[in-house]
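A.B. asks: Now for the letters of each chain:
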Amino acid sequence: MLNWVGLIPVLPLIGFLITAFAGKKIGRPRSGYLATFWVFASFLVSCGVLVALLGMEGEHRRALVSLCPFVKDVPWIVIGNFQVHYQALVDPLAMLMCLIVTGIGGLIHLYAVGYMAEDKDFPRFFTYLNLFIFFMLMLVLGGNILLMFVGWEGVGLCSYLLISFWFEDIENSKAGNKAFIVNRIGDVGFALGIMAIFHYFGTLTFYNPATLGGFLDMASASKIAGGVLTTGIATTIGLLLFVGAVGKSAQFPLYVWLPDAMAGPTPVSALIHAATMVTAGVVMVTRVSPIIVQSHTVMIVIAAIGTFTALFAATIALTQNDIKKVLAYSTVSQLGYMFLGCGVGAFSAGMFHVTTHAFFKALLFLGAGSVIHAMHHEQDMRKMGGLKKLIPVTYFTMMAGYLAIAGIFPFAGFWSKDEILGKAYGFQYFGIVFYVVGVLTAALTAFYMSRLMWKTFWSEKRFDEAALGHDHGHATHDDHMDHADAHGSSGDASGHAGERAEEELSHASSHQDAHGGVHESPPTMTLPLIILAVLSAVGGLIGTPWFNKFEQFLEPSVPPVGLFKPEEGVSPVLGMVIGTVAALVGIGIAYALYSKRRQTGEILTPEQKQAPTLLGEAYRGSVNLWGFDQLATWLGIDLGGSLARTSAWIDRNIIDGIVNGVAGVAGISSEVIRRAQTGFVRSYALVMLFGVCLVVASILWPIISHH
Amino acid sequence: MLPVPTVYYLVLSGLLFTTGVIGVLVKRNPIVIFMCIELMLNAVNLSFIALGRHFAQINGQMYVIFVMAVAAAEVAIGLGIIVNLFRQRESIDIDEVNLMKF
Chain A
613 MLNWVGLIPV
623 LPLIGFLITA
633 FAGKKIGRPR
643 SGYLATFWVF
653 ASFLVSCGVL
663 VALLGMEGEH
673 RRALVSLCPF
683 VKDVPWIVIG
693 NFQVHYQALV
703 DPLAMLMCLI
713 VTGIGGLIHL
723 YAVGYMAEDK
733 DFPRFFTYLN
743 LFIFFMLMLV
753 LGGNILLMFV
763 GWEGVGLCSY
773 LLISFWFEDI
783 ENSKAGNKAF
793 IVNRIGDVGF
803 ALGIMAIFHY
813 FGTLTFYNPA
823 TLGGFLDMAS
833 ASKIAGGVLT
843 TGIATTIGLL
853 LFVGAVGKSA
863 QFPLYVWLPD
873 AMAGPTPVSA
883 LIHAATMVTA
893 GVVMVTRVSP
903 IIVQSHTVMI
913 VIAAIGTFTA
923 LFAATIALTQ
933 NDIKKVLAYS
943 TVSQLGYMFL
953 GCGVGAFSAG
963 MFHVTTHAFF
973 KALLFLGAGS
983 VIHAMHHEQD
993 MRKMGGLKKL
1003 IPVTYFTMMA
1013 GYLAIAGIFP
1023 FAGFWSKDEI
1033 LGKAYGFQYF
1043 GIVFYVVGVL
1053 TAALTAFYMS
1063 RLMWKTFWSE
1073 KRFDEAALGH
1083 DHGHATHDDH
1093 MDHADAHGSS
1103 GDASGHAGER
1113 AEEELSHASS
1123 HQDAHGGVHE
1133 SPPTMTLPLI
1143 ILAVLSAVGG
1153 LIGTPWFNKF
1163 EQFLEPSVPP
1173 VGLFKPEEGV
1183 SPVLGMVIGT
1193 VAALVGIGIA
1203 YALYSKRRQT
1213 GEILTPEQKQ
1223 APTLLGEAYR
1233 GSVNLWGFDQ
1243 LATWLGIDLG
1253 GSLARTSAWI
1263 DRNIIDGIVN
1273 GVAGVAGISS
1283 EVIRRAQTGF
1293 VRSYALVMLF
1303 GVCLVVASIL
1313 WPIISHH
Chain B
425 MLPVPTVYYL
435 VLSGLLFTTG
445 VIGVLVKRNP
455 IVIFMCIELM
465 LNAVNLSFIA
475 LGRHFAQING
485 QMYVIFVMAV
495 AAAEVAIGLG
505 IIVNLFRQRE
515 SIDIDEVNLM
525 KF
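So the protein sequences, as listed, match chains A and B. Using my numbering, read the first sequence as starting at 613 and increasing by one per residue. Using my numbering, read the second sequence as starting at 425 and increasing by one per residue.
I should point out that these hints are in silico values taken from the structure, not numbers from a laboratory. For each residue, glycine too, the CB sits at the ideal point set by N, CA and C. Just to be clear, a hint being listed does not mean it is correct.
Negatives, chain A to chain B, calculated, CB over 12 Å [unchecked claim]:
| no. | residue |
| --- | --- |
| 1 | Gly766 |
| 2 | Leu1002 |
| 3 | Val1274 |
| 4 | Phe1292 |
| 5 | Leu1298 |
If you only want the chain B side, here are some residues facing chain A, beta carbon under 10 Å, derived [said to hold, decoys possible]:
| no. | residue |
| --- | --- |
| 6 | Val445 |
| 7 | Val450 |
| 8 | Arg452 |
| 9 | Ile455 |
| 10 | Met459 |
| 11 | Arg513 |
| 12 | Asp519 |
| 13 | Lys525 |
Please put together the full structure from these sequences, using the hints given.
C.D. replies: Encoded structure:
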């Protein structure tokens, strides 16, 4: 069965090729269902491989097999001792990610069949989605870090293509560019890390169970090719790879692309920018954990960046009005948790959060998509409210996601978040700091998610149902509010609606029971919601402290780390109590504040928002993303621009000056020397005579003077 | 009969060579300059042969053959140049051939 692994990425690739070349002929919605079919087929193969893997002894659950279906060994790059084969590493981590990618990916494909039903570029959308699944599977299955890099760049490409899917709107193209460019910064780190690995280990293969010659085999034994793996080498490699992870997984300071990536269609936000691709950084760090754990510096850096990102993004999520923006910052914050887990050495806890987060964040995004669909592409929460009764299925499924992310017993997020926080407390360095910030972030998370639910579902209706789809028709899918003047005017981004909105509008009028009113989504959309809601509710039970099947399963992929002081850690029960209290405090504050303001759904009055008080300042800071985008603009455009201009000046005047100066000196000196060329042949002959005399004299003189 | 001493040949060779050098320097007719160059070459040839006999070695005569071959080739090219020069300018005064200057 293990030899079937090659099929897992190939099936979506087949789907990609079919949809790419024949998608328009197949038509909608059939091309969408076909694309979905290939992903689910891949999911079935993954399940089969998982069963085969579980049949093996715990310690031996690791195999290096060809990634080409039914072909033994396919060399990819062979240059001297630089050997890269087209191989897959099959181990619990890879198979876990395969199941997440194909399982949740398949559900999101199915959802997208409904969500994108009216889009004129329907086949193109599924082409990209299938290609994304293929690259993501390459990323998680690659048997060497170079194949992982191929997948890594491939998903980046698909992310770019899908963010700017509606490329007629310049804002969407810009968001795509932003994601691509910011990711390049991280990728430089990753590429350098790969080079460092080859330099020190002489191989790029992760594990080689047969020869123990993979670089992670060596790292586990604390050795490199012909020497000892020192802390310095581990720090270098670890930090370089982590830079890559920071870019891909949207950690501070490279998180800026992820909120803008919400310009893509909502299924993309769910699949790529919440459930799978953005967790690639966590997967990569977990994969190379044998190197990471060799350097305490790297671990502290990862934990610190993760914790700071979690808190930072949560504070921004508090004030966003775009429903997808809230979820985007929430994703950044949750990714911070995952890195906190990895940083303190609890790699399996980090991966557990990846898993549960994939359930509930995909659910929340798809739920938000369903809301947006129902509201005729209105994303501003201030223009929602009272949707609880109007779209009950979406409401109930989103409740499950809400309780899961807030960390309420026994939903999925509760178990994974508590495991991370518990491990963070026992961390040798500043464990208590990480723990306190983590708990604070958990409370903030509960608050902003309650705010989202309140504004969307629980508060009074703040829109005219009959007017929907008419007045609001000009709001785009993704109104791109300019961060600088977000407060006050966001959501009224009717400027760049363009023809697409008109087109959507004309489709909307023919849409099932919708004649301008709010409507529940079609079954292809609600079915994935229901499945994900069930997973969000019970999915965490595989990793409870008393029955941690998840950690046992993942053990062959992650090394045990000796940085804990478990005897000083909080007991699981106490940790859970603290976590629950934090969540309830967040929800309680939200309830207390919003229950009095059912009508407006706003806590702060416009005057309070403008006031120069601490509260007003904090509010404006959060809305303005704490000035970080301005800082980035200043760094990139102003500072970078003046640096570029200075360089250009130096190039034009100094570098070119040297080159032109050399030419000038030659010109001037030749001006003088050329006077010697008189043109009289006989004078040349005379000069030659003198020359000959000189040469002869210089040869003869020593001989004569000798005698 | 006593052979002619080598030094006589060398003195003659030196006189011929000097004549050639002076001719090259003072004459304006390229044909005469050529003749002077030939004179210098043959002066050298003479010293080669004389010294070859003096040291009883074949090298001297060998080099003379080479020099004569090269001189013949050189004359062929040189005379060609002079003929062309005359066709171009109706004159072969060497001082008027002065285009290659600043």
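A.B. asks: Now, for every hint given, state plainly whether the structure supports it.
C.D. replies: Taking the hints in turn, this is what the structure says about them:
With a least beta-carbon separation of about 66 Å from chain B, Gly766 of chain A lies farther than 12 Å from that chain, consistent with its non-interface assignment. Every CB of chain B is more than 12 Å from the CB of Leu1002 of chain A (nearest about 96 Å), matching its label as outside the interface. Residue placement check: Val1274 of chain A keeps its beta carbon more than 12 Å from all beta carbons of chain B (closest about 22 Å). At roughly 6 Å from the closest C-beta of chain B, the C-beta of Phe1292 of chain A falls inside 12 Å, breaking its exclusion from the interface.
Annotated as non-interface, Leu1298 of chain A brings its C-beta within 12 Å of a C-beta of chain B; the closest such distance is 6 Å. Annotation: Val445 of chain B was flagged as interfacial toward chain A, and the flag holds, the nearest CB pair being 6 Å apart, inside 10 Å. For Val450 of chain B, the suggested interface contact is upheld, since its CB lies about 8 Å from the closest CB of chain A, less than 10 Å. Taken as an interface hint, Arg452 of chain B checks out: its beta carbon lies about 8 Å from the nearest beta carbon of chain A, inside 10 Å.
At its closest, the beta carbon of Ile455 of chain B sits 14 Å from a beta carbon of chain A; the interface hint therefore is violated under the 10 Å criterion. At a threshold of 10 Å, the smallest CB-CB gap from Met459 of chain B to chain A is about 15 Å, leaving the interface hint violated. Proximity of Arg513 of chain B to chain A is violated relative to the hint, the smallest CB-CB distance being about 14 Å (cut-off 10 Å). At its closest, the beta carbon of Asp519 of chain B sits 6 Å from a beta carbon of chain A; the interface hint therefore holds under the 10 Å criterion.
Look at Lys525 of chain B: its Cβ gets to within about 3 Å of chain A, closer than 10 Å, so that hint holds up.
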